[in-house]
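Knowing the structure of chain A, use the given hints to seat chain B on it.
Number of protein chains: 2
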Amino acid sequence: MSYTYEYPRPALTVDCAVFGIADSSLELLLIERAEPPFAGHWALPGGFVNIDEEIEDAARRELEEETGMRNVFLEQLFTFGGVGRDPRGRVVSVAYYALAKPSDHQLAAATDAARAAWFPLDDLPPLAFDHDSIIDTAVTRLRGKVRYAPIGFELLPRKFTLTQLQGLYETILGTELDKRNFRKKIRSMELLVDTGEIEKDVPRRPARLYRFDRTRYRKLARQGFAFEL
Amino acid sequence: MSYTYEYPRPALTVDCAVFGIADSSLELLLIERAEPPFAGHWALPGGFVNIDEEIEDAARRELEEETGMRNVFLEQLFTFGGVGRDPRGRVVSVAYYALAKPSDHQLAAATDAARAAWFPLDDLPPLAFDHDSIIDTAVTRLRGKVRYAPIGFELLPRKFTLTQLQGLYETILGTELDKRNFRKKIRSMELLVDTGEIEKDVPRRPARLYRFDRTRYRKLARQGFAFEL
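Chains A and B supply the protein sequences, listed in that same order.
Per our numbering, the first sequence starts with residue 0, numbered consecutively.
Per our numbering, the second sequence starts with residue 0, numbered consecutively.
Looking at chain A on its own, in the form it has when it is part of the complex:
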């Protein structure tokens, strides 16, 4: 089979930058490419969009095929179309990003991927294509977004301590936060509900457990309230 057009067309691909929050380090999911170009190089999971497939479905399918990851909330990041970015010719890639807990997922490489693995964000191997630039864009977006939208709560237990919450933000931002300021800001948003419960079985004074009030957040967001940390 072959397909003929009056004008030349770029190929369309997807790439997925999946961040993992593991033990206070921010990690990134990569695959080792089994096929040329860049065979044997590490890269973001991704591949070609089928002609009758929604772009986001393609991202979800490629992520699952190449890494085994399922049930990840992908958000569109940016479309990379630099003229020289792929040695095969013009390839335009719609990039997605997501946050996940590595321990929730069993990795299993297949199809175009020889291996799939988590890498610490500050110690990535050399990458195929322009994937370093996709990753830079994804890190900037993630660190920007975490300051004005309550992303990340789904990576905590349903009931969590303020220390756990601060740890999550510090991991994502890659920086330490001042405890007093952090608590003041979190409290002033009134988005946490005190469950009345405390931690169990900890070798120190147990801390209060909170949950995130998503209903109240949605209501405030509709009123133009800005989450801000």
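Hints are supplied without guarantee of correctness; some may be wrong.
If several chains are the same, the list does not tell them apart, and a pair holds so long as it fits within one copy or across any two.
[Claimed, not checked] DMTMM-like mimics (lysine to aspartate or glutamate), calculated; alpha carbons at most 25 Å apart, straight line:
1) Lys218 - Glu52
2) Lys144 - Glu74
3) Lys100 - Asp51
4) Lys218 - Glu175
5) Lys183 - Asp135
6) Lys218 - Asp177
7) Lys100 - Asp212
8) Lys218 - Asp121
9) Lys218 - Asp135
10) Lys158 - Asp103
11) Lys100 - Asp22
12) Lys144 - Glu169
13) Lys100 - Asp135
14) Lys178 - Glu153
15) Lys144 - Asp103
16) Lys184 - Asp103
17) Lys183 - Asp111
18) Lys199 - Glu31
19) Lys144 - Glu55
20) Lys199 - Asp51
21) Lys144 - Glu189
22) Lys218 - Glu189
23) Lys178 - Glu196
Just so you know, the hints here were simulated from the structure itself, not pulled from any lab data.
Chain B in isolation, oriented as in the chain A frame:
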């Protein structure tokens, strides 16, 4: 000439949502399509990306060809690729958005556009393709972004009053803001410099003139400071 590929490929287009700030109303730049599909319908300016052309360059070129607008800062918005969005077959469109002052630009329609005109955002004509959905996404992004990034200052005179600044934000957000709260927030960010000058030739008590301190903003942004309004 014709171009043949082993797998079918979508066509790649760009669309531009250019918002205009005019006399306290938020407007949108549209063109009337001269060619099918949707000939005679209003639509966002846009068109096909050439095979050797950067995507953003294509957006800039199409905007200028169809409307005469130049020197507009386009930011990538989102890529729309819904399978049924174009009657010609699979067409994936990378959408861009921008803010402009209509009075700075002389509109001149050409190529695929019969006319170009500004429309009030709350009174748009029926639109071609899925352009209503592109516009919804652009409005949401613009109104979100204005709260955490100092966009829009370039639409004010270099020296402006706090009333002018508040008017700009009210126009973009489509809502009235409380004057005291607005001034308190603006002052607390310490991003405005009092020029020591006052308005001239106004039929009331002249107000102080300020300028935006972009150097200080860039420095704070590098330190993780969040602009917030």
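**Asked** Which of the listed hints are not met by the structure?
**Response** 1, 3, 5, 16, 17, 18 and 20
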